[in-house]
Amino acid sequence: MEEDELLNREEVEKILSPHPLSFMGLQSLCIFLIAWGLIFGWLVNFSDFGGLSENALLQIAVWGLVLLVVSVIASIIKVLWRIFFLYLTVVLVALGVIWWLNLFDAVGLFLPVYTVVVSIIGFLLVELFRRSHKYIISNQRIVFKGGVITKEQRTLRYDKISDVNTKQGILGQIFSFGTIIPISQSGFGLGSDQSFAGGGVQGSGSKRVGLFGFFGGGREVQTPRTRSYYELHGVYPFKEIRKMVEQLVQGSEISQYQKQQVDYQEEQRDFQKEQRDLQKEMKDLLKKQQELSKSNEE
Amino acid sequence: MNGEAIDVVIFAPLAPIFGLILFWFIQLIFIEIQKSLLNQLRSSHDALIRFTNFIGIFFQTVCHALGYTLTRSGISRFYLSVDYGKVDPKKKKSGVFEWLVNMFLFIGPFFLPPFLLLAYFFLLSTNGFPLMMQSQFTFAENFIAFGSNLFAFSKDLVFFLGSIDLFHPAHLGFFLLFILLGLGIRPSYIGKRPMEKVDMFYDLKNIRYNILHKPLYLLIGVLSAYIFSYLNVFFGQSLYVAMFSFFGWASILAIFALVYAEVLLFWIYVLDDLPLGFRIINLLVLPISYSLLRVLFYSLSWPFAPQIGFWGSVIITSVVTILLLQMLTNKFKTLFPMNSIRGTSGGKK
Chain Y
464 MEEDELLNRE EVEKILSPHP LSFMGLQSLC IFLIAWGLIF GWLVNFSDFG GLSENALLQI
524 AVWGLVLLVV SVIASIIKVL WRIFFLYLTV VLVALGVIWW LNLFDAVGLF LPVYTVVVSI
584 IGFLLVELFR RSHKYIISNQ RIVFKGGVIT KEQRTLRYDK ISDVNTKQGI LGQIFSFGTI
644 IPISQSGFGL GSDQSFAGGG VQGSGSKRVG LFGFFGGGRE VQTPRTRSYY ELHGVYPFKE
704 IRKMVEQLVQ GSEISQYQKQ QVDYQEEQRD FQKEQRDLQK EMKDLLKKQQ ELSKSNEE
Chain V
59 MNGEAIDVVI FAPLAPIFGL ILFWFIQLIF IEIQKSLLNQ LRSSHDALIR FTNFIGIFFQ
119 TVCHALGYTL TRSGISRFYL SVDYGKVDPK KKKSGVFEWL VNMFLFIGPF FLPPFLLLAY
179 FFLLSTNGFP LMMQSQFTFA ENFIAFGSNL FAFSKDLVFF LGSIDLFHPA HLGFFLLFIL
239 LGLGIRPSYI GKRPMEKVDM FYDLKNIRYN ILHKPLYLLI GVLSAYIFSY LNVFFGQSLY
299 VAMFSFFGWA SILAIFALVY AEVLLFWIYV LDDLPLGFRI INLLVLPISY SLLRVLFYSL
359 SWPFAPQIGF WGSVIITSVV TILLLQMLTN KFKTLFPMNS IRGTSGGKK
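Quick note, the sequences are listed as chains Y and V, same order. Using this note's numbering, read the first sequence as starting at 464 and increasing by one per residue. Using this note's numbering, read the second sequence as starting at 59 and increasing by one per residue.
No lab work stands behind these hints: they were computed from the structure. Misleading hints may appear alongside valid ones.
[What the hints assert, rightly or not] Output of the computed footprint for chain Y on chain V, the stretches with three or more beta carbons under 8 Å from beta carbons of chain Y:
1. 102-110
2. 216-229
[Unchecked claim] In silico BS3-like cross-links for lysine-lysine, where the CA-CA straight-line distance does not exceed 27 Å:
3. K144/V <-> K630/Y
4. K751/Y <-> K722/Y
5. K623/Y <-> K702/Y
6. K630/Y <-> K541/Y
7. K93/V <-> K148/V
8. K144/V <-> K702/Y
9. K250/V <-> K272/V
10. K630/Y <-> K250/V
11. K608/Y <-> K702/Y
12. K541/Y <-> K623/Y
13. K702/Y <-> K255/V
14. K250/V <-> K706/Y
15. K757/Y <-> K736/Y
16. K389/V <-> K93/V
17. K706/Y <-> K630/Y
18. K746/Y <-> K736/Y
19. K250/V <-> K702/Y
20. K597/Y <-> K608/Y
For every residue, glycine included, the Cβ atom is placed at its ideal position computed from N, Cα and C.
Start from the sequences and build out the full structure, keeping to the hints where you can.
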């Protein structure tokens with residue numbers, strides 16, 4: 464964080480970035496590609512599946528179909544159709560290159576190499592994305608910075624944090640990293656899980672009597688979820704950072720004891736004010752009395 | 059009743075049981091050696107310890123859940139973390155069901171994960187698992203049959219491990235599972251604070267408690283084994299010994315997995331003396347040398363290309379490790395030659 468970005472009396476406590484394994488969801492897409500590339504290479508070039516090694520179109524079909532089927536399954540599980548479109552792009556580009564350069568005779572070599580190269584590029588992109596994250600924890604606020612091309616920044620003051628949610632998966636438990644989602648009073652940091660069920664009935668009799676009905680229902684559950692730019696994603700060491708954030712949040716809030724102290728001080732102030740008013744009244748009375756006695760003497 | 063009849067009726071059924079206990083005990087000793095190695099690594103490889111612990115806790119929790127499922131108790135809660143696992147049943151059953159669930163919890167982790175690997179190995183094995191046929195059903199023959207079955211299996215396994223082709227996806231998958239099983243057949247500890255150390259005595263104490271707590275169930279188990287043995291004699295089958303051989307194979311697989319995992323852990327332990335950069339280089343030597351040797355000998359169409367690739371890479375890695383240790387650390391070095399020290403201190407020349 465630059466010096467001029469700091470506020471008055473602001474001190475930086477910690478500058479963090481996500482753990483290298485914290486984007487395993489994205490990395491696993493690349494791991495699958497590399498694994499499939501190697502398996503496909505073995506199937507076509509070294510294994511005893513003779514039919515597959517002779518027919519280029521069959522090779523392309525098997526390679527593409529496996530990628531697309533896996534991407535559909537992954538998309539359904541993660542409810543993220545981006546995975547499908549990503550793999551579809553990989554397949555389409557491969558088909559385009561094979562057709563453009565007329566590589567039908569070398570599909571057995573090209574497809575495994577292409578798959579491995581794409582997965583390596585994928586790894587590099589994920590790493591670039593990870594490195595674009597920067598979280599600055601100061602004594603006054605948390606600053607979330609990120610973005611490879613478009614730079615995004617979120618600033619959250621501790622007094623605006625209403626809840627702190629934490630997540631730690633198995634990899635996180637093993638390597639001591641985890642995600643901390645500070646939820647603001649406005650609800651920033653909350654996502655929602657939606658489920659919907661629907662059904663329809665149609666019946667038509669022979670005497671042109673039609674019947675159609677539709678019923679459905681849905682429910683929504685709010686859950687702590689936000690983009691990695693807006694949370695402390697995969698920070699290490701997780702337990703220390705969580706404690707630090709919770710202490711800073713607690714420190715910004717007025718505690719019960721402090722509240723009692725403030726109430727007591729307000730009482731004291733009111734009492735002193737009353738005393739001052741009383742003294743003033745006494746002084747006025749005394750003054751009047753003196754004036755009266757003076758006039759009596761005259 | 060002659061001597062042979064007494065042998066068949068009283069002693070013969072015990073032979074495979076003793077054999078199995080022997081192999082299980084060897085397994086326990088190897089697990090203990092691994093625990094000691096993991097303890098050495100604890101200070102510098104915390105994540106590795108947690109990882110191996112997680113595998114152990116995972117197997118243990120799955121075995122516990124399996125116990126509840128098979129006794130039809132149901133599972134109401136399944137909790138799994140790096141240092142703790144817990145399964146709660148829907149219906150709490152007592153008596154023999156509770157005893158069975160506890161047996162699954164205490165003994166299951168030693169055999170159930172190797173059974174998975176055994177099933178995998180069965181698919182890869184070309185010979186299947188040969189069983190010795192019996193005719194006499196005496197103690198000696200039962201013991202020899204058990205030993206022969208285990209020997210035939212071990213021979214196949216050693217041959218497979220010696221000629222494993224890591225460019226074959228199924229072989230690679232087996233090898234990874236094999237190492238994972240070896241690393242985490244039992245957890246090192248349970249719980250955060252205070253941590254309960256899981257060692258050989260912890261396991262033995264639990265098993266002893268479960269057996270002595272309800273000795274009647276053990277008696278019923280032994281009686282069932284005897285009855286099964288008599289039925290085998292009556293019908294002239296070798297299934298009784300085969301059943302115990304099945305457990306013995308699982309035990310042998312686990313022992314081999316533990317040995318491989320211990321070599322890996324020892325390698326990591328040795329590498330700790332090297333600077334980080336050289337450590338990474340050394341770790342990369344194994345896969346790179348394997349890939350190069352494998353491709354080279356495949357392209358030259360040499361026989362035994364997978365064997366040369368695997369063992370060649372192991373030898374190259376060992377040599378590189380020793381050389382790096384000698385060049386960069388004080389390992390394999392003494393300040394003065396040993397002979398000169400012996401000479402000055404008046405020791406033997």
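Each hint tested on the structure:
no.	hint	verdict
1	102-110	holds (count 4)
2	216-229	holds (count 3)
3	K144/V <-> K630/Y	holds (20 Å)
4	K751/Y <-> K722/Y	violated (43 Å)
5	K623/Y <-> K702/Y	holds (22 Å)
6	K630/Y <-> K541/Y	holds (17 Å)
7	K93/V <-> K148/V	violated (34 Å)
8	K144/V <-> K702/Y	holds (23 Å)
9	K250/V <-> K272/V	violated (31 Å)
10	K630/Y <-> K250/V	holds (18 Å)
11	K608/Y <-> K702/Y	holds (22 Å)
12	K541/Y <-> K623/Y	violated (31 Å)
13	K702/Y <-> K255/V	holds (23 Å)
14	K250/V <-> K706/Y	holds (17 Å)
15	K757/Y <-> K736/Y	violated (31 Å)
16	K389/V <-> K93/V	holds (24 Å)
17	K706/Y <-> K630/Y	holds (14 Å)
18	K746/Y <-> K736/Y	holds (15 Å)
19	K250/V <-> K702/Y	holds (13 Å)
20	K597/Y <-> K608/Y	holds (5 Å)
In this structure, the hints that do not hold are numbers 4, 7, 9, 12, 15, in rising order.
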